[in-house]
Amino acid sequence: MTRRLTISVPDDIAERIDREPNASAFIADLVRRATRNEELLARLKDELGVTDEGVARVREWRRRSRAEWNTPENRAQAAAARARIAAIRARHKADGGEE
Amino acid sequence: MSVTVVFDATALTRYATLDRGGLTVGEVIAEVVDDPAATIAVPVLAIAAAIRGVSGKTDDLARLARLIDSDLTPVARIPVGANDGEVLGEIYREIDDLSCAQAAMVSLDNHLAPILTADGPRYRTARLGLDILDL
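So the protein sequences, as listed, match chains A and B.
If you're matching positions, the first sequence starts at 1 in the working numbering and goes up one per residue.
If you're matching positions, the second sequence starts at 1 in the working numbering and goes up one per residue.
Misleading hints may appear alongside valid ones.
[To be verified] Where chain B lies over chain A, by a calculated footprint (3+ residues, C-beta under 8 Å):
(1) 5 to 16
(2) 20 to 30
(3) 53 to 60
(4) 77 to 86
[Said to hold, decoys possible] Quick list of simulated restraints, FRET-style, between CB atoms:
(5) Glu-60(A) / Gly-89(B): 31 to 39 Å
(6) Glu-94(B) / Thr-71(A): 14 to 22 Å
(7) Lys-57(B) / Glu-73(A): 39 to 47 Å
(8) Glu-94(B) / Glu-60(A): 25 to 33 Å
I should point out that these hints are in silico values taken from the structure, not numbers from a laboratory.
Cβ coordinates follow ideal geometry from the N, Cα and C atoms, glycine included.
Can you make the complete structure from the sequences, with help from the hints?
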C-alpha cells in the first residue's frame, strides 16, 4: 500500500532527487536504510554495549591503520597482487572461460 | 556498491560469540552505518567457516544470522563466481586458508578495502599488500 505525500525540501536536495528516474523508490530506499540503521545501532548498544566513544575510537583506529598501510612496500605488494590476478583472469578468459 | 570493510570468518565468529574483539566488531559496524553508502562485504566462504565455528550454540548462531542479514545490517554477501577458481587457488596457496583467500580476493577486487580479522599474521605473511584491521 502507498500514500501520496507532498513534502518541501531544500533546492539542492530537490535537484538530487530530480536526477532519479523513480524518485519515490529512491526516497523509500533511503528511509528504509535509515530505519534499519537506527534499529541496528540500538541493538548494538543494547546487546554489545557499543558506545559513541567506542565508535569514535574505531573511526580514529581505521584512519590511522589506513595511513600506516600507505607505504611504498604495501602499495607495491598490492599492485603486484592485483596484476597477478588480472593476468590469471585474462589467461582464463583467453582459454575460453566465461565472462 | 562501495565496500568499506571486509569481515573475514574470525571477525564473524568473534561477533557471534561475543568473544575477544566482539565489541570491536560491533563498533566497526556502528561506525560504518554512519555512511549511508557504506557496505560491509561478507565473503560466503567466511560465512561457511563462521557457521562451522559456532555450530550448536543457538544464541551465537542467531547473532551471526542477524549480522549477515542485509535487511538488518548493511552487508553484501560476496559469492564465489564460476571464474574465481584460478584466482582463489593462487591466493589460497599463499594464505593457506580458503575462506581467508576469498576475503583477500574481495579486498583486492574492491580498492583494497580493509579486512577486519583476528588472523592478521596469516594475511601479512602472504605479502599481498592488504590493509589489515587486527581484532
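For each hint, the structure was consulted:
1. 5 to 16: Violated: only 0 residues of the stretch 5 to 16 of chain A have a Cβ under 8 Å from chain B.
2. 20 to 30: violated (count 1)
3. 53 to 60: The restraint on the stretch 53 to 60 of chain A holds, since 5 of its residues have a Cβ under 8 Å from chain B and three suffice.
4. 77 to 86: holds (count 8)
5. Glu-60(A) / Gly-89(B): 31 to 39 Å: Distance hint for Glu-60(A), Gly-89(B) holds at roughly 38 Å.
6. Glu-94(B) / Thr-71(A): 14 to 22 Å: holds (20 Å)
7. Lys-57(B) / Glu-73(A): 39 to 47 Å: The hinted range 39 to 47 Å holds for Lys-57(B) and Glu-73(A), with Cβ atoms some 41 Å apart.
8. Glu-94(B) / Glu-60(A): 25 to 33 Å: holds (31 Å)
Of the hints listed earlier, those the structure fails to meet are numbers 1 and 2, in rising order.
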